[in-house]
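Colleague: Sequence:
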Amino acid sequence: MFVFIVDREIGILLPAPGFPQTLPNGKFWQDFTLGCSKNGHHQGLLPFPDANTLQESVGILGPEQSVIVFLGGTPTHEQIRPLIEILPILINLFTRELVEFSTQARIDLADKAVTKAEKLAATIDIMRVHLKDALVEQKKDKKAIEELMQKKDEFMNVASHELKTPITITKAYLQILQKLIPPQENTTAGDFILKANKQLGKLTALINDLLDVSKIHAGQMVYHFAEIDSKISSKR
Numbered sequence: 001m002f003v004f005i006v007d008r009e010i011g012i013l014l015p016a017p018g019f020p021q022t023l024p025n026g027k028f029w030q031d032f033t034l035g036c037s038k039n040g041h042h043q044g045l046l047p048f049p050d051a052n053t054l055q056e057s058v059g060i061l062g063p064e065q066s067v068i069v070f071l072g073g074t075p076t077h078e079q080i081r082p083l084i085e086i087l088p089i090l091i092n093l094f095t096r097e098l099v100e101f102s103t104q105a106r107i108d109l110a111d112k113a114v115t116k117a118e119k120l121a122a123t124i125d126i127m128r129v130h131l132k133d134a135l136v137e138q139k140k141d142k143k144a145i146e147e148l149m150q151k152k153d154e155f156m157n158v159a160s161h162e163l164k165t166p167i168t169i170t171k172a173y174l175q176i177l178q179k180l181i182p183p184q185e186n187t188t189a190g191d192f193i194l195k196a197n198k199q200l201g202k203l204t205a206l207i208n209d210l211l212d213v214s215k216i217h218a219g220q221m222v223y224h225f226a227e228i229d230s231k232i233s234s235k236r
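Numbering-wise (my numbering), the sequence shown opens with residue 1 and increments by one.
One thing to keep in mind: the hints can contain errors.
[What the hints assert, rightly or not] Within a straight-line C-alpha distance of at most 27 Å, the following computed BS3-like cross-link-like pairs (lysine-lysine) qualify:
hint, residue 1, residue 2
1, Lys143, Lys132
2, Lys171, Lys195
3, Lys151, Lys140
4, Lys139, Lys151
5, Lys142, Lys152
6, Lys171, Lys202
7, Lys132, Lys119
8, Lys179, Lys195
9, Lys143, Lys164
10, Lys132, Lys116
11, Lys151, Lys164
12, Lys202, Lys179
13, Lys140, Lys152
14, Lys198, Lys171
15, Lys164, Lys179
16, Lys152, Lys202
17, Lys139, Lys152
18, Lys132, Lys142
19, Lys202, Lys164
20, Lys198, Lys164
21, Lys164, Lys152
22, Lys179, Lys198
23, Lys27, Lys38
[Claimed, not checked] Pairwise CB distance ranges, derived in the manner of DEER restraints:
hint, residue 1, residue 2, range
24, Ala121, Gln43, 56 to 62 Å
25, Ala172, Lys140, 47 to 53 Å
26, Lys202, Arg128, 53 to 59 Å
27, Lys140, His224, 38 to 44 Å
28, Gln138, Leu177, 53 to 59 Å
29, Leu203, Phe225, 26 to 32 Å
Source of the hints: derived by calculation from the structure; they are not laboratory data. These numbers were taken from a predicted model, which means no experiment stands behind them. Note that beta-carbon positions come from the ideal geometry of N, C-alpha and C, so glycine has one too.
Generate coordinates for the entire structure from the input sequences, incorporating the hints supplied.
Modeller: Take a look at the structure:
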């Protein structure tokens, strides 16, 4: 025998407390109990104790929309009369037990939810601390990089200016030599002077580029804008 009572929370028939809660081919059992609820009684085959074993079953509608299912045949009135007499009390007890079980299940679920929330809050606090430390380290790294960049710019400015001084003096000496040694008298010396001037020009251009890079990083670069002929540029 199985007793099914209505779960008030979800509004469907479920096995009463104390009976197996998982039945083979549950759809068969669900259709059978629904037939009892609609017609007051129902008769057919139900799988039990496994899906391959079918038994003659009879179901009747009990108090509080409960359903009682008898397996193995149809019992006589004399056989079920004692059950019918105490059935209201049993259904009342089953219903109370189901309510208590559902309440306890909700309490357990709420406790688990609170525990998860506490763990999540703790994790968030830890992550917040780590993030704060990471931001502090990032600010330190950014400051260190800015200081290095500033030192690099200072070095490039100093190096560029310091290099321009000996180059200017060297150019002056070469100009004096060029005047003292006319090219027609000593072509070899004249060629050397021209090549030295050419290399000094390249070195001067390189130093000027270094100065321009320093000005760009410092935001002190002066730009000169001019219009160009787009047709000529495209041809080139």
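Colleague: Against this structure, judge whether each hint is valid.
Modeller: These are the hints, each one checked on the structure:
Proximity of Lys143 to Lys132 is assessed by CA-CA distance (about 17 Å); at most 27 Å being required, the pair is judged to hold. Only pairs whose Cα atoms come within 27 Å are accepted, and Lys171 paired with Lys195 is accepted, the gap being roughly 12 Å. A threshold of 27 Å between alpha carbons decides the hint, and for Lys151 with Lys140 the separation of about 16 Å falls inside it, so the pair holds. At most 27 Å may separate the alpha-carbon atoms for a hinted pair to count; Lys139 and Lys151 meet this at roughly 18 Å.
A distance of roughly 15 Å separates the Cα atoms of Lys142 and Lys152; the hinted pair therefore holds under the 27 Å criterion. A hinted pair counts as satisfied when its Cα atoms are at most 27 Å apart, and Lys171 with Lys202 qualifies at roughly 12 Å. Between Lys132 and Lys119 the CA atoms are separated by roughly 20 Å; this keeps the pair inside 27 Å, and the hint holds. For the suggested pair Lys179 and Lys195, the alpha carbons sit about 16 Å apart, so the restraint of at most 27 Å is met.
For the hint pairing Lys143 with Lys164, the CA-to-CA distance comes to about 32 Å; that exceeds 27 Å, so the pair is violated. With a C-alpha separation of about 24 Å, the suggested pair Lys132 and Lys116 falls inside the 27 Å cut-off, and the hint holds. Pair hint Lys151 plus Lys164 holds up; C-alpha atoms about 20 Å apart against a cutoff of 27 Å. At most 27 Å may separate the alpha-carbon atoms for a hinted pair to count; Lys202 and Lys179 meet this at roughly 22 Å.
A C-alpha spacing of about 18 Å is found between Lys140 and Lys152, which places the hinted pair at or below 27 Å, so the restraint holds. About 10 Å separates the Cα atoms of Lys198 and Lys171, which keeps this hinted pair within 27 Å; it holds. For a cut-off of 27 Å, the pair hint linking Lys164 to Lys179 stands: about 23 Å separates their Cα positions. As the CA atoms of Lys152 and Lys202 are separated by approximately 23 Å, the hinted pair is consistent with the 27 Å bound.
Distance restraint check for Lys139 and Lys152: the Cα-Cα separation of roughly 20 Å lies within the 27 Å cut-off, and the hinted pair is therefore satisfied. Using a Cα cut-off of 27 Å, the hinted pair Lys132 and Lys142 holds, with the two alpha carbons roughly 15 Å apart. Among the hinted pairs, Lys202 with Lys164 is consistent with the structure: their alpha-carbon atoms are about 12 Å apart, no more than 27 Å. A hinted pair counts as satisfied when its Cα atoms are at most 27 Å apart, and Lys198 with Lys164 qualifies at roughly 15 Å.
This hinted pair checks out: Lys164 and Lys152 have alpha carbons roughly 18 Å apart, not beyond 27 Å. About 17 Å separates the Cα atoms of Lys179 and Lys198, which keeps this hinted pair within 27 Å; it holds. Between Lys27 and Lys38 the CA atoms are separated by roughly 17 Å; this keeps the pair inside 27 Å, and the hint holds. A hinted range of 56 to 62 Å holds for the C-beta pair Ala121 and Gln43, which are about 57 Å apart.
Between Ala172 and Lys140 the beta carbons are some 49 Å apart, a value that agrees with the proposed interval 47 to 53 Å. Lys202 and Arg128 have their C-beta atoms about 57 Å apart, which keeps the hinted 53 to 59 Å range intact. Remark: the range hint 38 to 44 Å for Lys140 to His224 is upheld by a beta-carbon distance near 40 Å. Checked against the hint of 53 to 59 Å, the pair Gln138 and Leu177 passes, with Cβ atoms roughly 58 Å apart.
With their beta carbons about 29 Å apart, Leu203 and Phe225 fall inside the hinted range of 26 to 32 Å.
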